[in-house]
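Heads up, the final residue of the sequence shown is numbered 171 in the numbering used here, and it's a clean run with no missing numbers.
Where hints are given, some of them may not hold.
[To be verified] Derived DEER-like restraints, expressed as beta-carbon distance ranges:
1) Gly77 / Glu145: 15 to 23 angstroms
2) Val152 / Glu61: 16 to 24 angstroms
3) Gly144 / Gly117: 27 to 35 angstroms
4) Asp136 / Ser160: 16 to 24 angstroms
Calculated from the structure, these hints are not laboratory results. Bear in mind that the values here come from a model prediction, so they are computed numbers and not experimental data. All C-beta atoms in this analysis are idealised placements derived from N, C-alpha and C, irrespective of residue type, glycine included.
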Amino acid sequence: MPSYVSLLAVAACLLLPLQDSLAAAPDRSQPAAVVSSCTADAYGSCPSWMPSQREMRTVLADYFCEAADRGLVRPRVSRVVRAETSQVACAALGTETNSNIVCGGDMHFIGPDGRTDFVTFSPTMHRQDDGRYAIYEGEDENENAVWHVPSPQSASKVCAGQPLR
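Produce the complete structure using the sequences and hints provided.
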């Protein structure tokens, strides 16, 4: 005969994440505040022009979904049903507007069974004159810096149609 105490304990554990997510649900009646991608410090690595969390998370998800399409990243899930980044921590590499920045975090590729594969990242990026962000990919044969602007996540074959949270 099954132990009802064990079943209740399992049920309670399953409900805890749901309770936390409901408690943490944002109030839709108030506009969402812009959350910075960095924290001010004594070194000036978080100037006022730094991008928001949402902006950086979107750019990085775009990049890693495209990298999966290009075969540079191979998610170890049977099929990606959702792709999203963790919160990121960014810092400016200079105080001038649009200096290079570096952001660290994790890219999560989530499969249909809930299994998650993740890639830890810390790329160098900069904002181009047209407002898009480019990610540093190294140097070419002439030792010129190679910067890549990713396509939107919605264009990815691996991550197509998967909204970023």
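Against the structure, the hints come out as follows:
no. : hint                                : result
1   : Gly77 / Glu145: 15 to 23 angstroms  : 21 angstroms, holds
2   : Val152 / Glu61: 16 to 24 angstroms  : 22 angstroms, holds
3   : Gly144 / Gly117: 27 to 35 angstroms : 30 angstroms, holds
4   : Asp136 / Ser160: 16 to 24 angstroms : 19 angstroms, holds
Every hint from the earlier list agrees with this structure, and none is contradicted.
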